[in-house]
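Next come the chains, spelled out residue by residue.
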Amino acid sequence: MVYVLVRKLLAAVLTLFCATLILFVLTRLSPGDPVKVLLGRSAEVAMSDTAAYQQKADELRSQWGLDQSVTDQYLRWVTGLLKLDLGNSMHTGRPVSTEIAERLPATALLAVAALLLQLVLGLVFGALSAISAGKWSDHVIRWICVALASIPVFVIGLVFLLWFAVRLGVYEISSEASLSRLWLPAVTLGLIGAPQIIRVVRANMLAELGQLYVQSALARGLALRLIIRQVMRSTLLPVLTMASLSLAALISGAVVVESIFAWPGIGKYALDSILLKDYPVIQGYAFVMVTAVILINLLTEAVYSILDPRIRRKGVATSESTA
Amino acid sequence: MTSREKEVVLRVDGLQVAYRQNGISKVVLNDLDLELRSGEIVALLGESGSGKSTIAKAITGLLPPSAQIQEGTLQLASEPPIHLNRKDTDWERIRGRRLGMLFQDARLALNPVLKIKEHFRESLLFHRLAAPQDVLPIASALLSKLNFADPGRVLESYPFQLSGGMCQRVCLALSLSLQPAVLIADEPTSALDTVSQREVLELLLRLQAEQGQTVLLITHDLAVAKAVSNRVLVLREGRMEEQGLTSDVLLRPKSAYTRQLLDARSHRLKPLVLKPGRAIVLEASQLHKHYGRASVLQGVDLSVAEGEIVGILGESGCGKSTLARCLTGLERPDGGSIRYHGKETIGLRGRQKRELCKQVQMVFQDARASLNPGRTALQLVQEPLRYLKLGGRKEREAMAAYYLHEAGITDEAQHRRPPQLSTGQCQRIAIARALVVQPDILICDEAVSALDMSVQAQILKLLQRLNRRFGFSIIMISHDIRVLQSFCHVIAVMHQGHFCELKPGASLHTSEEAYTQTLLRCAGDMEAGL
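Protein chains in written order, with numbering that gives the first Met the number 0: chain A, 0 to 322; chain B, 0 to 529.
Chain A extracted, bound-state conformation (with noise of 0.2 angstroms):
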């Protein structure tokens, strides 16, 4: 057990430090210069002065060590986040780490409340659509999730928007992150997910249903909703799986709903500082969500191996011996 965590963790480590290579480049190699974009409309006063313009670019470079090597700023970046410093913005001049931590809690609270919905969703939907294959209210359910897994996040999110704020008027438009401001674009992220998980829970139920141990129980004279309680707990293992990419993908592309209800998350945060080019903000952010999937996944085979006890110990047969 102890040997499956430190292999796990060294897995981990080293995927991370991976993923700092590869977003690194991915960095420098992308388009663009983030001088000139610092400078910004005193590209103008550059065309009539270059020499000027040139040493204001130069300062700024050797302000943000750019005029080193690639490897030195690399091995800079790292050390730096050995020692947990994701470096300064280099437009607000600010620790990236404040900027993102300041972020983050809005966007955690979104992804996990719209996780939760998704969830409820999936799984009674999923088990009322299993439970009654083939009659209506199955293909009813079906019906519906055909028709919100094909409609884009920003159509519903602007048509909720219209309904609620505009025309009802129980939703506040601001930019606060509120709890009260919480519920709209949570439902919408929710219905956005909930489909693909109810039919996860759908498909695996009604395998499930099918085996032996069903047919078994039920032969022991057991209710069916009582043996739809342990199948239950079977069907959430694929369902867990999901979750965890669902609460992946939430968290690191909540930035379309995000913008369409102003809600001050990192999605935003993270869109602003690509467009300015703004190299440390972006290899923060992407470091901290690389992260933070990696720990979603660690924290899922855990629970896993809670819920089956196959994987717990795989492979540790008893030989009972027998008179």
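A few of these clues could be false.
To be verified - Here are a few chain A residues that face chain B, going by a calculated C-beta distance under 7 angstroms:
{"#": "1", "residue": "G209"}
{"#": "2", "residue": "L211"}
{"#": "3", "residue": "Y212"}
{"#": "4", "residue": "Q214"}
{"#": "5", "residue": "R219"}
{"#": "6", "residue": "Q229"}
{"#": "7", "residue": "R232"}
{"#": "8", "residue": "S304"}
{"#": "9", "residue": "D307"}
{"#": "10", "residue": "R309"}
Just so you know, the hints here were simulated from the structure itself, not pulled from any lab data. No residue lacks a Cβ here, since even glycine has one placed at the ideal position from N, Cα and C.
Chain B: place on chain A using the hints.
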């Protein structure tokens, strides 16, 4: 004891069941009557497809939606009859408490994520047969009655930590904990090795003797029926062919069909004599294989001569299948050598490994699962030729047709797909597919274990005929001593990862090796009745 005076505990009248498939309704049970009296063990005999499992499912309300009960009543003791074609039956009252049930694959009949004690807990508590604190004592008392030396540990185990035989005994204990009036056992021992099989059957007999348990035993195995039942019902294509006391029916069968079943069983193949001085085709020495800490093969030596039929006998878990997988190159042994025609094969890759496929072919236990259901028999047999790039298109088809014909598949059946063919036909196709590349060695891993007696005899005869005609060698792996004794030139008895004996098939019964004797005794007891 004559069963006539005893009261009737279960009566089925006029049961008619049909399966709907692609809009066509096929009758599988036709106006069937059945009666069980208190304290008797009744064997329901029949080949696969005769409808015997359908009876069990129909009277427990477990039929799949595609099945339709058109008519029929079920009467338990002297209660008013239940109309099985109606949907308002309160099964929770009947299943478990009145009718207990055992399934063929006990391992799958237990929930894999629940400990054994949880199974007992939910059953006993749901039926209000015990207070929560009494569940464990009741369960361990039952388990120790069913020959478990350490009930406490079994209760704390998960199903996958127990052997197949242990799982079946756990299922038996679970069923008995609800004290059912009738126990329906659907092929309870077919998936078990000889020793576990005997143990479960002995338990059934003991339950009958001690508690007067009534049992409906569904089986295709005449030896099982003979060993434990008082009465036999022979089912054929959904109708009752013959019934009567076990001794009467099995000794003096009235119906031709029953006689045919009996003949298939007692059928002995002609003893095989092999001329000496044949070339050695395969030689394996000192094979070792570990899975984690478990050592599965511990120094196996085996040599197979040209045209020789070698049997490998052993219980489940003794390493026979691992040996087969090593010999075919599906698995890489940790130590030792495997030589075909004197050439080492361990560690071969790419083209050389494909050459090995041409020399060694394998036939598996579950023929249906080993065939792609979407392809016709003719296409299936061409698969290996295509993979090994042998012959042109026309040639491949001609070869496939030839071998299918040799394996007894008619021209018309050659264009059907596995779902439309019987299990026996599927195994014939699998054999044709193995032989079409003209291998030197055919490895049959429990290739006839899942088949009915009569089909089993046909397949063995087929293999023997093909062996004479084409001169390839056969390695026959089985847990069934009866199959091997009449079929093999030489039998190797495998126990805990090594061969403990190597003896000519005809003289195995004279063995002095302790383990072989145990196996022989179990098989002998089954023949003679326990």
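Checklist entry - Going by Cβ atoms only, is Q214 (chain A) closer than 7 angstroms to chain B? => result holds (6 angstroms)
Item to check | Restraint outcome when Q229 (chain A) is required to lie within 7 angstroms of chain B by C-beta distance | outcome: Given a least distance of 6 angstroms, the restraint on Q229 (chain A) holds.
Next on the checklist: Let's test the interface hint: is any C-beta of chain B closer than 7 angstroms to that of R309 (chain A)?
Outcome noted: OK, holds: R309 (chain A) within 7 angstroms of chain B, min 6 angstroms.
Checklist entry - Against chain B, with CB atoms and a cut of 7 angstroms, does the hint on D307 (chain A) hold up? => result holds (6 angstroms)
Checklist entry - At a threshold of 7 angstroms, is the proposed contact between Y212 (chain A) and chain B supported by beta-carbon distances? => result holds (5 angstroms)
Checklist entry - Can we keep the L211 (chain A) interface hint, with Cβ of chain B closer than 7 angstroms? => result At about 4 angstroms, which falls below the 7 angstroms cut-off, the nearest Cβ of chain B leaves the hint on L211 (chain A) intact, so it holds.
Checklist entry - Regarding the hint that S304 (chain A) lies at the interface with chain B, is the smallest CB-CB distance below 7 angstroms? => result Given a least distance of 12 angstroms, the restraint on S304 (chain A) is violated.
Checklist entry - For the hint on G209 (chain A), does the least C-beta distance to chain B fall short of 7 angstroms? => result violated (9 angstroms)
Item to check | Cut-off 7 angstroms, beta-carbon criterion: hint that R219 (chain A) touches chain B | outcome: holds (4 angstroms)
Checklist entry - Given R232 (chain A) as an interface hint, is the shortest Cβ-Cβ distance to chain B below 7 angstroms? => result holds (6 angstroms)
Going down the numbered hints, you'll see the structure goes against 1, 8, while the others check out.
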